[in-house]
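Residue numbers (our numbering), protein chains in the order written: chain A, 1 to 663; chain B, 664 to 1090.
Certain hints may be false.
Stated by the list, open to error - Derived pair list, reagent style DSSO-like, types lysine-lysine, alpha-carbon separation capped at 30 angstroms:
| # | chain 1 | residue 1 | chain 2 | residue 2 |
| --- | --- | --- | --- | --- |
| 1 | A | Lys43 | A | Lys32 |
| 2 | A | Lys172 | A | Lys118 |
| 3 | B | Lys970 | A | Lys487 |
| 4 | B | Lys726 | A | Lys272 |
| 5 | A | Lys32 | B | Lys716 |
| 6 | A | Lys235 | B | Lys820 |
| 7 | A | Lys191 | B | Lys851 |
| 8 | A | Lys191 | B | Lys819 |
| 9 | A | Lys199 | B | Lys820 |
| 10 | A | Lys199 | B | Lys819 |
| 11 | A | Lys118 | A | Lys83 |
| 12 | B | Lys819 | A | Lys235 |
| 13 | A | Lys448 | B | Lys851 |
| 14 | A | Lys213 | A | Lys235 |
| 15 | B | Lys970 | A | Lys652 |
| 16 | B | Lys820 | A | Lys245 |
| 17 | B | Lys819 | B | Lys716 |
| 18 | A | Lys213 | B | Lys820 |
| 19 | A | Lys377 | B | Lys1029 |
| 20 | B | Lys984 | A | Lys453 |
| 21 | A | Lys453 | B | Lys851 |
| 22 | A | Lys294 | B | Lys820 |
| 23 | A | Lys272 | B | Lys820 |
| 24 | B | Lys1029 | A | Lys245 |
| 25 | A | Lys614 | A | Lys652 |
| 26 | A | Lys213 | B | Lys819 |
| 27 | A | Lys377 | B | Lys726 |
| 28 | B | Lys954 | A | Lys358 |
| 29 | A | Lys487 | A | Lys448 |
| 30 | B | Lys1062 | B | Lys1029 |
| 31 | A | Lys233 | B | Lys820 |
| 32 | A | Lys448 | B | Lys984 |
| 33 | A | Lys272 | B | Lys819 |
| 34 | B | Lys984 | A | Lys487 |
| 35 | A | Lys69 | B | Lys1062 |
| 36 | B | Lys820 | A | Lys172 |
| 37 | A | Lys245 | A | Lys199 |
| 38 | A | Lys294 | B | Lys819 |
| 39 | B | Lys964 | A | Lys294 |
By construction, these hints were calculated from the structure, which means they are not laboratory data. Quick caveat, the model's predicted, so the values are computed rather than measured.
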Amino acid sequence: MNDIKTYRVLAAVALLIFCSLVPDTEAAAFTKQDVDEQLEELKDYEYEAAPNVLRTIEAIVRQCQSQGKFSEYVEQEMARFLKSDATAEGKWFVCKQLWIIGTEVSVPSLAEMLADEKTAEMACFALRSNQSTAAGEALRQALQDVGDNTKVRIINILGDRRERESIPILSKLVSNNNADVAESAAAALGKIGGESAIKALERFRSSTDAGMKAVATEAYLQHAKFLALQGRKTKALSIYNEMLKSDDALFRRSALLGIMNIEGPEALACVKSVLHGDDEMLKNTAIANSPRLKAENVVSELVAELPRLEGRQQSLLIYALAETGDVSVRPAITEMTQSPRSEVRQAALEALGIIGDKSSVKTLCKAIADDRSAREKNIALASLRRISGAGVESAILDAMQTTKAQTRVELIRVLSDRRASGSVPALLDETSSRDSDVCKAAFRALGKLAGEKELPILIERYLNLADSDDGTGCRSEAERAIIAVAKRIGNENQRADEILGVFENEQRSGVKCSLLRILGGIGNDKGLKVIQQTLSDKDEQVRDTAIRELAAWPNTQAVDSLLDVMAESANDTHRILAFRGYVRLLRLGCERPTEETLAMYEKALGFAKRPEEKKLVLSGLGDIAAPQALQIIEPYLNDEAVASEAAIARDKILSRIEQANKR
Amino acid sequence: MNNEEMGRRDFLKAAAVCAVPTVIGASALCRGSSVAPSERITLATIGNGSRCKVVLDHFMTFKEVQCLAVCDARQDRREDAKARVDAHHGNSDCTAYHDFRDVLARNDIDAVLIATGDRMHAVSSIMAARAGKDIYSEKPMSLTIEESRAVADTMKKLATVYQCGHQRRSVDSYQFQVEVAQRGMIGKVHTVIAQVWESGMVRPQGPEPIPDGFDYDMWLGPTPYHPFIPRRVYGWNDFWDTGGGAMIGMGCHYTDIAQWGLDKDDTGPVDYEGTGVFAENNFADVPISGKVTCTYADGLKLILQSKGLFEERFIRFVGTKGWIQVDDETNVVTAEPESILRYRGISSRSWAHTGEHIRNFLDCIKSRRETVCSAEKSHRATTVGHIANICLRLGRSLKWDPQSERFVNDSQANAMISRAMRPPWQL
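If we strip away everything but chain A, and leave its shape as in the complex, we get (with noise of 0.2 angstroms):
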């Protein structure tokens, strides 16, 4: 076991140093000597070797870009490199660094490798994005005397440089004998586009192979668009209308989408005309894109189509209409919230939130009061915290006044959701509702509302209710409302102050163990001192709040609090209560050394009786990255009750040191 501990230390401290010794490529300038002795080394390169001439290769490319001539020299070096008899592996490295630095310069080189098919893929990828038009005029020379699979890999790459130039070969090459090398031609010129190339491909629209059809139809509809772009329309529309009538879905589909790209009114004709048809892909996908027409009278002929149509294009036309931010759709879409169709009432209750103001808050209360399906209220829920505009906020409060129990609490949970501070007078006027669900909604959403100005009256209200424990959680919920405000104060020595002066002139034994609650959930200084001295008070009930309140303290200050509850109670449940509380501030971070940390572990396990408090404090332990830790967990390696979690704990450090070394 010992052995395995050493190793994983020696590991970790090995690891470290090999971090700090990684040799960084970019140490100095290269010079011409250096390229050539890198390029020669590279010769032999093959992939089991070391990868250092590599990384320097690359980072000698990275030095080309400001010097020119430096640069020039390397792609020439490269160039020779390509015609030695250096490995395969080498040469890949090569052209993928040509690919990035190539000019005319590497062209003849690589225009070689293109004859040959074991080369010919390395001299492609080099020349792909090569700018040079010697780069091109080599690619299509090529093609005259290489076999059809290199022919292919040429002809894909002249597609990607979409030079005009090579248009005429291609055009041949559509009707090469090997389908491969002809749908690859075909593909190119559908790239390339153009009045030509399309000419070129205008036979195979109707032609049996499917294959050819399929990649001259796509060209034709790319063509289509180029025209569009040019602001040739009729052209354009022309060849959209055409494809409109295609028994291919997918063609329809892009041809009405090609034509809704076009402003005009034909365009809102054509949606029309695929709404009043029977194709639900091509209805579907009008409606969708309708936000993004450009017609004069758009929104009001959409709107006029609204009542027209099933179930579900309804919907997804209300969710158009809210997406095209045109307020004049509001009737109709409010007006579409008591359609009998369910679908239809979610696409107007979620549209209102888009496209809704004030005026559409008492149509969303509706929602919520009525007795709809749970969905249907969420989605007014939503809506209601979403909408958008002045005034949103006091008809939401005007609503509340009129609606029941249940729908005021949805109603506070949405001012809160909005964070609605101005809602702050009437959320505290809630307090006293005779109804526990509507009060502690109202202290919940004033915890995220109330500001420090509010935190007096907040404590009164409290105070209202402190005195009854009723069951109801209404004063649980003040109590996390009065800490969540208190926090906001920005002096930390001030946030117990108000309840400070109340708790020094409170008798009443119950509302004294809230008020020790809020100093614990407050958790500052002044707080502390006041628990601190009620540990030695009369009421045995005020004692236990105030061990349960130090032992769950936001940081180390109680530890000494807890250590004397440790040492000094009869009581075992409070005994207990203090040290898993010591061993849990242990646990929290804070800038104690790390020496001082370990002893106070000592003193806990000193403490310790029962194997499940000795458990507590070896996981505590096991957080703490440094060797001595270790020394204290290695007795209870041998203690059956807990080695487990010894081992746990050892492992957890060892891990810890190894990670802290890393960094």
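Since the structure of chain A is provided, determine the placement of chain B on it from the hints.
Relative to chain A, chain B alone:
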């Protein structure tokens, strides 16, 4: 049918005859389910590694989803996936494929979940769209800027519903962070700091025989050929050929949140400046660590850094009056002033829960609306990560024009926007 047997031509033929489903009409199979046939969504997976397991499990929590096919270049993975899917549905209807083109050729599949390595994301997305499928693709959506631009254009052109797996957009901790930033609760936001982990050192390794049941040629897909080297295959994200390191692998999640939070979904930073550490004796070619400062035209900054341990990843929005941070490992949100946190709804769901993101995708399949992580938005977010990597690879600052999507007066950086693909694969 193997890779050689089914080429691009066969795929296109099959795809060309497969009709686009009519609102979900493809899936009339409703055995043992309470979901109406018209509401069902039939799914296939492409790539069945560890990520797919998690996401597919989340997909299958939705009753309307029926997984009909799984696909992986590795036999062990596809068999495992089929067994899991069959066990879930209580039948043996799921078919296992090793070539995703066979999956795309089926006309009874509505949508695909793409969870391959990065190398296949763009190509398979584009091919799936051409076959009329809607797409949920894992991130990053591409290996290059050109690839993700092509994906976004294709999705737009074919009106395909596409959801990128930047699922943090659908997670409440990040939604809250963005809301705080956008509502001015930390003042005017001026900087976003995103930290991903440092990469490790990799020892050199030579070629080994391809394991039985592993279609390595399919696995390579469009990436440059190299022999089967286990460390390169199983640790593909450490090599530029097949991945982009943590800067894009994890970084794209953060660039997505940053772009969203800064309301820059349709654009991107214009200046990039940074440095990376490339270790001399590292077999992996991505940097070990790095830091790139990306500046938008209005002066907002996004700092992407690869630093520290895996567990230390985070994203922080910094404003004139405070900051808000989400720690990814723990999903803990911290802020200054701390009082901001009281406005957060309580949810225990972290980034690991993909359910809401999938729900959005499924809803959009039915409504044909744009998903929260559409191809266009994801392309922009992914581009930020790709440019950060290009900046590190070139070792100098770069100027980017988000309009033309080209580097300004920089032929070398522009060369790196795109890469040649191994046939038969192309965009």
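Now the hints, each set against the structure:
1. Simply put, lysine 43 of chain A and lysine 32 of chain A have alpha-carbon atoms about 17 angstroms apart, close enough for the 30 angstroms limit, and the pair holds.
2. In summary, the hint linking lysine 172 of chain A to lysine 118 of chain A is supported, as the alpha carbons are separated by about 26 angstroms, within the 30 angstroms threshold.
3. For the hint pairing lysine 970 of chain B with lysine 487 of chain A, the CA-to-CA distance comes to about 35 angstroms; that exceeds 30 angstroms, so the pair is violated.
4. A C-alpha spacing of about 34 angstroms is found between lysine 726 of chain B and lysine 272 of chain A, which places the hinted pair above 30 angstroms, so the restraint is violated.
5. For the suggested pair lysine 32 of chain A and lysine 716 of chain B, the alpha carbons sit about 52 angstroms apart, so the restraint of at most 30 angstroms is broken.
6. A distance of roughly 18 angstroms separates the Cα atoms of lysine 235 of chain A and lysine 820 of chain B; the hinted pair therefore holds under the 30 angstroms criterion.
7. For the hint pairing lysine 191 of chain A with lysine 851 of chain B, the CA-to-CA distance comes to about 44 angstroms; that exceeds 30 angstroms, so the pair is violated.
8. With a C-alpha separation of about 16 angstroms, the suggested pairing of lysine 191 of chain A with lysine 819 of chain B holds against the 30 angstroms cut-off.
9. Straight-line distance between C-alpha atoms of lysine 199 of chain A and lysine 820 of chain B comes to about 21 angstroms, which keeps the hinted pair within the 30 angstroms bound.
10. Of the pairs offered as hints, the one joining lysine 199 of chain A and lysine 819 of chain B holds, with about 25 angstroms between alpha carbons and a cut-off of 30 angstroms not exceeded.
11. For the suggested pair lysine 118 of chain A and lysine 83 of chain A, the alpha carbons sit about 14 angstroms apart, so the restraint of at most 30 angstroms is met.
12. For the hint pairing lysine 819 of chain B with lysine 235 of chain A, the CA-to-CA distance comes to about 21 angstroms; that is within 30 angstroms, so the pair holds.
13. For the proposed pair lysine 448 of chain A and lysine 851 of chain B, the alpha carbon gap of about 23 angstroms is at most 30 angstroms, so the pair holds.
14. Using a Cα cut-off of 30 angstroms, the hinted pair lysine 213 of chain A and lysine 235 of chain A holds, with the two alpha carbons roughly 21 angstroms apart.
15. Restraint check: the Cα-Cα separation between lysine 970 of chain B and lysine 652 of chain A comes to about 23 angstroms, which is no more than 30 angstroms; the hinted pair holds.
16. At most 30 angstroms may separate the alpha-carbon atoms for a hinted pair to count; lysine 820 of chain B and lysine 245 of chain A meet this at roughly 17 angstroms.
17. The hinted pair formed by lysine 819 of chain B and lysine 716 of chain B meets the criterion: a straight-line CA distance of about 29 angstroms does not exceed 30 angstroms.
18. Between lysine 213 of chain A and lysine 820 of chain B the alpha-carbon distance is near 18 angstroms, which keeps this suggested pair within the 30 angstroms criterion.
19. As the CA atoms of lysine 377 of chain A and lysine 1029 of chain B are separated by approximately 23 angstroms, the hinted pair is consistent with the 30 angstroms bound.
20. Only pairs whose Cα atoms come within 30 angstroms are accepted, and lysine 984 of chain B paired with lysine 453 of chain A is accepted, the gap being roughly 22 angstroms.
21. At roughly 27 angstroms between alpha-carbon atoms, lysine 453 of chain A and lysine 851 of chain B fall within 30 angstroms of each other, so this suggested pair holds.
22. For the hint linking lysine 294 of chain A to lysine 820 of chain B, the alpha-carbon distance of about 18 angstroms falls within 30 angstroms, and the restraint holds.
23. The suggested pairing of lysine 272 of chain A with lysine 820 of chain B holds, with an alpha-carbon distance near 21 angstroms, which does not exceed 30 angstroms.
24. For the given pair, lysine 1029 of chain B sits about 23 angstroms from lysine 245 of chain A by alpha-carbon distance, which is consistent with the 30 angstroms threshold.
25. For the given pair, lysine 614 of chain A sits about 17 angstroms from lysine 652 of chain A by alpha-carbon distance, which is consistent with the 30 angstroms threshold.
26. Restraint check for lysine 213 of chain A and lysine 819 of chain B: satisfied, since their Cα atoms lie roughly 21 angstroms apart, inside the 30 angstroms limit.
27. With a C-alpha separation of about 23 angstroms, the suggested pairing of lysine 377 of chain A with lysine 726 of chain B holds against the 30 angstroms cut-off.
28. For the given pair, lysine 954 of chain B sits about 48 angstroms from lysine 358 of chain A by alpha-carbon distance, which is inconsistent with the 30 angstroms threshold.
29. Under the criterion of a C-alpha separation no larger than 30 angstroms, the hint pairing lysine 487 of chain A with lysine 448 of chain A is consistent with the structure, at around 11 angstroms.
30. Among the hinted pairs, lysine 1062 of chain B with lysine 1029 of chain B is inconsistent with the structure: their alpha-carbon atoms are about 41 angstroms apart, more than 30 angstroms.
31. For the hint pairing lysine 233 of chain A with lysine 820 of chain B, the CA-to-CA distance comes to about 17 angstroms; that is within 30 angstroms, so the pair holds.
32. A distance of roughly 20 angstroms separates the Cα atoms of lysine 448 of chain A and lysine 984 of chain B; the hinted pair therefore holds under the 30 angstroms criterion.
33. Pair hint lysine 272 of chain A plus lysine 819 of chain B holds up; C-alpha atoms about 21 angstroms apart against a cutoff of 30 angstroms.
34. Taking the CA atoms of lysine 984 of chain B and lysine 487 of chain A, the gap is near 19 angstroms; set against the 30 angstroms cutoff, the hint holds.
35. Restraint check for lysine 69 of chain A and lysine 1062 of chain B: the C-alpha separation of about 23 angstroms stays at or below 30 angstroms, so the hint holds.
36. In summary, the hint linking lysine 820 of chain B to lysine 172 of chain A is supported, as the alpha carbons are separated by about 28 angstroms, within the 30 angstroms threshold.
37. Using a Cα cut-off of 30 angstroms, the hinted pair lysine 245 of chain A and lysine 199 of chain A holds, with the two alpha carbons roughly 21 angstroms apart.
38. Of the supplied pair hints, the one linking lysine 294 of chain A and lysine 819 of chain B holds, its CA atoms being roughly 17 angstroms apart against a limit of 30 angstroms.
39. At most 30 angstroms may separate the alpha-carbon atoms for a hinted pair to count; lysine 964 of chain B and lysine 294 of chain A exceed this at roughly 35 angstroms.
Hint violations for this structure: numbers 3, 4, 5, 7, 28, 30, 39, all remaining hints satisfied.
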